[in-house]
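Given these sequences and hints, build the entire structure.
Here is how the chains run, residue by residue.
Number of protein chains: 2
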Amino acid sequence: MIAVSEAVERIAAAFRTLPSETVDIANATGRVLSVDAVARATQPPDGMSSMDGYAVRAADAGKGATLKVIGTSPAGHPYGGSVNAGEAVRIFTGGVVPEGADSIVIQEDATAAGSSVTINVAARKGRHIRVAGLDFKAGEIIVSRGHRLTARDLSLLAAADLARVPVSRKPRVAFAATGDELSRPGEQRGPGGIVASSGYGLSALIGQWGGEPVDLGILPDTMDAVASIAAKAKGADLIVTIGGASVGDHDLVQKALGPQGFTLDFWKIAMRPGKPLIFGRLGATPLLGLPGNPVSTLVCAILFLRPAIATMLGDVAPRPVLNATLATDLAENDTRQDYIRARLSYRDGEPWVEPFSVQDSSMQSTFARADALVVRAPHAPAAKAGTRVEIIPLD
Amino acid sequence: MIAVSEAVERIAAAFRTLPSETVDIANATGRVLSVDAVARATQPPDGMSSMDGYAVRAADAGKGATLKVIGTSPAGHPYGGSVNAGEAVRIFTGGVVPEGADSIVIQEDATAAGSSVTINVAARKGRHIRVAGLDFKAGEIIVSRGHRLTARDLSLLAAADLARVPVSRKPRVAFAATGDELSRPGEQRGPGGIVASSGYGLSALIGQWGGEPVDLGILPDTMDAVASIAAKAKGADLIVTIGGASVGDHDLVQKALGPQGFTLDFWKIAMRPGKPLIFGRLGATPLLGLPGNPVSTLVCAILFLRPAIATMLGDVAPRPVLNATLATDLAENDTRQDYIRARLSYRDGEPWVEPFSVQDSSMQSTFARADALVVRAPHAPAAKAGTRVEIIPLD
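Chain order of the listed sequences is A and B. Terminal number for the first sequence in the working numbering: 395, no gaps in between. Terminal number for the second sequence in the working numbering: 790, no gaps in between.
Simulated from the structure, these hints should not be mistaken for lab results. All C-beta atoms, glycine included, are put in the ideal place defined by N, C-alpha and C. Treat the hints loosely; a few may be bogus.
Claimed, not checked - Derived DSSO-like pairs (lysine-lysine); straight-line CA-CA distance at most 30 Å:
{"id": "1", "chain 1": "B", "residue 1": "Lys520", "chain 2": "B", "residue 2": "Lys463"}
{"id": "2", "chain 1": "A", "residue 1": "Lys268", "chain 2": "B", "residue 2": "Lys520"}
{"id": "3", "chain 1": "A", "residue 1": "Lys125", "chain 2": "A", "residue 2": "Lys63"}
{"id": "4", "chain 1": "B", "residue 1": "Lys458", "chain 2": "A", "residue 2": "Lys268"}
{"id": "5", "chain 1": "B", "residue 1": "Lys663", "chain 2": "A", "residue 2": "Lys125"}
{"id": "6", "chain 1": "A", "residue 1": "Lys63", "chain 2": "B", "residue 2": "Lys663"}
{"id": "7", "chain 1": "B", "residue 1": "Lys663", "chain 2": "B", "residue 2": "Lys627"}
{"id": "8", "chain 1": "B", "residue 1": "Lys779", "chain 2": "B", "residue 2": "Lys670"}
{"id": "9", "chain 1": "B", "residue 1": "Lys650", "chain 2": "B", "residue 2": "Lys670"}
{"id": "10", "chain 1": "A", "residue 1": "Lys137", "chain 2": "B", "residue 2": "Lys670"}
{"id": "11", "chain 1": "B", "residue 1": "Lys670", "chain 2": "B", "residue 2": "Lys629"}
{"id": "12", "chain 1": "B", "residue 1": "Lys629", "chain 2": "B", "residue 2": "Lys663"}
{"id": "13", "chain 1": "A", "residue 1": "Lys137", "chain 2": "A", "residue 2": "Lys125"}
{"id": "14", "chain 1": "B", "residue 1": "Lys463", "chain 2": "A", "residue 2": "Lys255"}
{"id": "15", "chain 1": "A", "residue 1": "Lys125", "chain 2": "A", "residue 2": "Lys275"}
{"id": "16", "chain 1": "A", "residue 1": "Lys232", "chain 2": "A", "residue 2": "Lys275"}
{"id": "17", "chain 1": "A", "residue 1": "Lys275", "chain 2": "B", "residue 2": "Lys532"}
{"id": "18", "chain 1": "A", "residue 1": "Lys275", "chain 2": "B", "residue 2": "Lys520"}
{"id": "19", "chain 1": "B", "residue 1": "Lys663", "chain 2": "B", "residue 2": "Lys650"}
{"id": "20", "chain 1": "A", "residue 1": "Lys63", "chain 2": "B", "residue 2": "Lys670"}
{"id": "21", "chain 1": "B", "residue 1": "Lys520", "chain 2": "B", "residue 2": "Lys532"}
{"id": "22", "chain 1": "B", "residue 1": "Lys650", "chain 2": "A", "residue 2": "Lys68"}
{"id": "23", "chain 1": "B", "residue 1": "Lys670", "chain 2": "B", "residue 2": "Lys627"}
{"id": "24", "chain 1": "A", "residue 1": "Lys275", "chain 2": "B", "residue 2": "Lys458"}
{"id": "25", "chain 1": "A", "residue 1": "Lys234", "chain 2": "A", "residue 2": "Lys255"}
{"id": "26", "chain 1": "B", "residue 1": "Lys670", "chain 2": "A", "residue 2": "Lys125"}
As the list claims (entries may be wrong) - Residues on chain A that point at chain B, a partial pick, calculated with CB under 10 Å:
{"id": "27", "residue": "Asn293"}
{"id": "28", "residue": "Pro294"}
{"id": "29", "residue": "Ser345"}
{"id": "30", "residue": "Ser362"}
{"id": "31", "residue": "Arg388"}
Printed below as a string of structure tokens:
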């Protein structure tokens with residue numbers, strides 16, 4: 001058995017950033033930039049008014065001054081001339097500040113009469129003007145390589161005149177569940193049969209983390225069926241098996257895939273849920289064998305598959321460590337690192353976690369109701385309610 | 396001007412939960428259940444072993460006892476007979492516990508020899524057996540109506556033999572940007588022209604929040620173009636305009652849509668960024684007019700559009716209030732509720748926020764780098780670094 005931290009390191013070392021592809025920004029949320037995004041436009045392109053009012057020369061727009069309105073500058077229709085002494089230009093939010101003007105008097109502070117305007121509050125140089133390049137300038141890096149694009153980034157990229165961006169290709173993660181007891185929901189089940197369930201959650205998580213899930217289906221507990229993964233997963237960047245990672249006579253993954261070129265890196269991690277986790281390579285392709293109990297499957301996916309996908313994407317953001325306050329006591333821990341299912345809630349803005357009393361790794365109903373995992377180090381001493389503990393939020 | 400809280404209430408009151416549709420669970424993450432999901436299966440369906448070992452009668456499996464192995468019970472292949480005095484059945488993880496047996500002795504605690512097994516550690520009644528229905532029973536509600544489905548929920552629904560579930564239809568949110576100064580990224584821009592950018596972020600957010608974005612494009616600043624929204628948005632559950640919500644002569648949304656049946660509920664909210672926000676109805680369809688400065692557009696979408704979508708989805712989860720510690724001082728606030736762009740980081744597991752020094756609502760580069768908004772109530776007093784403040788995380 002190896003420690004969780006060692007497993008994470010060994011898995012991370014097995015992956016590299018995938019090649020890039022170019023996508024429209026409209027489809028780029030959640031994708032990871034593969035080169036720095038450099039602005040093609042300056043924003044704003046010219047000095048622009050941030051208010052509706054009058055563009056003036058501050059020097060001759062004191063309180064009580066009357067100026068001649070010589071033109072108009074709405075957004076998208078700059079005034080072509082320049083503002084000279086005693087003159088003003090009617091301007092609107094987003095309108096280009098005409099040459100000569102150095103201040104905006106907002107319309108609430110001015111009285112228009114025919115083709116002139118009287119200033120009621122003295123202009124101040126630079127007031128209500130957004131200077132060219134205030135937001136960014138052409139040639140500047142606006143989003144860095146290795147950043148996972150948010151909705152806000154898409155708007156920023158658009159503003160910088162970038163319609164398409166290079167991002168890492170999505171890792172193809174092929175997964176198969178093994179077990180004679182398994183069937184699809186809605187299908188007839190045999191005696192002792194159960195529904196293969198964790199593939200649904202796993203597939204959704206792979207997608208959320210930026211991968212492309214490829215469902216290879218349910219395989220019976222035969223050498224041939226399990227061996228068929230090698231052919232079925234061609235083209236995958238990572239193969240994931242669910243179940244069959246334990247020690248019994250019916251745990252076939254290692255046995256059946258050996259002749260297909262499987263080499264083991266490690267097997268068994270000192271953690272709960274999820275001790276029997278396989279990691280190795282099938283030919284050149286990394287293979288992660290997740291334990292079959294559904295809670296173990298998904299917890300191990302969060303701990304080991306998620307960083308593997310992040311590495312393939314070139315996502316450089318560190319995952320922050322988060323704390324919360326224990327709402328109930330916890331007993332001391334044994335030798336395995338524990339991931340305790342808990343409810344997360346906020347009291348006066350501060351996070352509290354309440355572990356569920358029963359933690360069996362087969363209990364999906366509890367896992368679905370959980371909002372967080374409480375991380376307990378091996379041999380962690382008993383912890384009283386009120387203690388701050390490390391958590392991993394689940395959504 | 397009305398308060399943010401009043402605006403949220405008035406907007407929420409204008410929406411109802413949409414009708415439901417049935418979807419495959421494979422496509423159901425992020426969807427909101429429209430009826431309680433009731434399990435069609437019991438899990439586990441029978442008493443099942445959680446380990447590899449021997450199913451025995453605890454009463455006759457004391458330390459040193461030798462039992463006759465009468466059969467095998469791997470997962471999916473139950474042993475048909477029953478275990479009588481002096482007998483054991485070889486069993487594997489997920490195998491059905493045969494009739495008569497009431498305990499599992501793990502294989503590490505037993506010595507097999509031919510067709511018998513010697514018990515090295517006394518059996519304990521119920522040990523390593525997951526009783527039928529431990530996770531859930533057929534007929535139980537496993538996920539409640541109004542819950543937004545997570546990846547874990549999909550696994551739970553599958554385990555309960557639910558292949559399809561009824562969820563609220565996705566709200567169709569039609570949006571259009573207005574302004575003669577606007578063009579698409581990659582297109583030629585005129586003098587004083589800028590790229591229409593916030594639609595990209597808005598579209599991504601609508602999708603993330605569970606809606607179906609419908610992009611009506613960029614409209615020039617003419618009465619006819621803006622009036623055309625009425626026809627273009629047919630079938631939408633909510634119409635969103637970007638820009639044109641201010642007070643200048645060139646702000647057309649209210650003027651142009653009046654003859655199309657627009658009725659105003661309110662206009663202008665005491666907040667920053669984003670004062671000029673329109674809410675009303677175009678015929679029977681709610682219309683939200685977001686301010687045109689990109690940061691204002693997206694902040695107002697987070698505050699007002701997100702809850703509107705949640706209401707249409709029937710999503711009943713309350714949004715928790717979260718706190719973080721200020722990393723720098725903040726000055727006292729004026730009369731408007733302020734949403735300050737800030738970086739969120741974790742020090743020893745605790746959240747800290749550092750507001751950006753410049754907060755102009757045109758600055759998308761700052762907004763993209765922000766991780767949170769710091770919420771400042773009207774007239775909030777100056778706050779020193781170290782103070783706990785309310786935040787809204789951005790991703």
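Hints, verified against the model:
{"no.": "1", "hint": "Lys520/B <-> Lys463/B", "in the structure": "holds, 19 Å"}
{"no.": "2", "hint": "Lys268/A <-> Lys520/B", "in the structure": "holds, 28 Å"}
{"no.": "3", "hint": "Lys125/A <-> Lys63/A", "in the structure": "holds, 14 Å"}
{"no.": "4", "hint": "Lys458/B <-> Lys268/A", "in the structure": "holds, 29 Å"}
{"no.": "5", "hint": "Lys663/B <-> Lys125/A", "in the structure": "holds, 28 Å"}
{"no.": "6", "hint": "Lys63/A <-> Lys663/B", "in the structure": "holds, 28 Å"}
{"no.": "7", "hint": "Lys663/B <-> Lys627/B", "in the structure": "holds, 26 Å"}
{"no.": "8", "hint": "Lys779/B <-> Lys670/B", "in the structure": "holds, 27 Å"}
{"no.": "9", "hint": "Lys650/B <-> Lys670/B", "in the structure": "holds, 18 Å"}
{"no.": "10", "hint": "Lys137/A <-> Lys670/B", "in the structure": "holds, 27 Å"}
{"no.": "11", "hint": "Lys670/B <-> Lys629/B", "in the structure": "holds, 28 Å"}
{"no.": "12", "hint": "Lys629/B <-> Lys663/B", "in the structure": "holds, 26 Å"}
{"no.": "13", "hint": "Lys137/A <-> Lys125/A", "in the structure": "holds, 23 Å"}
{"no.": "14", "hint": "Lys463/B <-> Lys255/A", "in the structure": "holds, 29 Å"}
{"no.": "15", "hint": "Lys125/A <-> Lys275/A", "in the structure": "violated, 69 Å"}
{"no.": "16", "hint": "Lys232/A <-> Lys275/A", "in the structure": "holds, 27 Å"}
{"no.": "17", "hint": "Lys275/A <-> Lys532/B", "in the structure": "holds, 27 Å"}
{"no.": "18", "hint": "Lys275/A <-> Lys520/B", "in the structure": "holds, 25 Å"}
{"no.": "19", "hint": "Lys663/B <-> Lys650/B", "in the structure": "holds, 16 Å"}
{"no.": "20", "hint": "Lys63/A <-> Lys670/B", "in the structure": "holds, 27 Å"}
{"no.": "21", "hint": "Lys520/B <-> Lys532/B", "in the structure": "holds, 23 Å"}
{"no.": "22", "hint": "Lys650/B <-> Lys68/A", "in the structure": "holds, 28 Å"}
{"no.": "23", "hint": "Lys670/B <-> Lys627/B", "in the structure": "holds, 27 Å"}
{"no.": "24", "hint": "Lys275/A <-> Lys458/B", "in the structure": "holds, 27 Å"}
{"no.": "25", "hint": "Lys234/A <-> Lys255/A", "in the structure": "holds, 20 Å"}
{"no.": "26", "hint": "Lys670/B <-> Lys125/A", "in the structure": "holds, 24 Å"}
{"no.": "27", "hint": "Asn293", "in the structure": "holds, 8 Å"}
{"no.": "28", "hint": "Pro294", "in the structure": "holds, 6 Å"}
{"no.": "29", "hint": "Ser345", "in the structure": "holds, 7 Å"}
{"no.": "30", "hint": "Ser362", "in the structure": "holds, 6 Å"}
{"no.": "31", "hint": "Arg388", "in the structure": "holds, 7 Å"}
Comparing the model with each earlier hint shows a violation of hint 15 alone; every other hint is respected.
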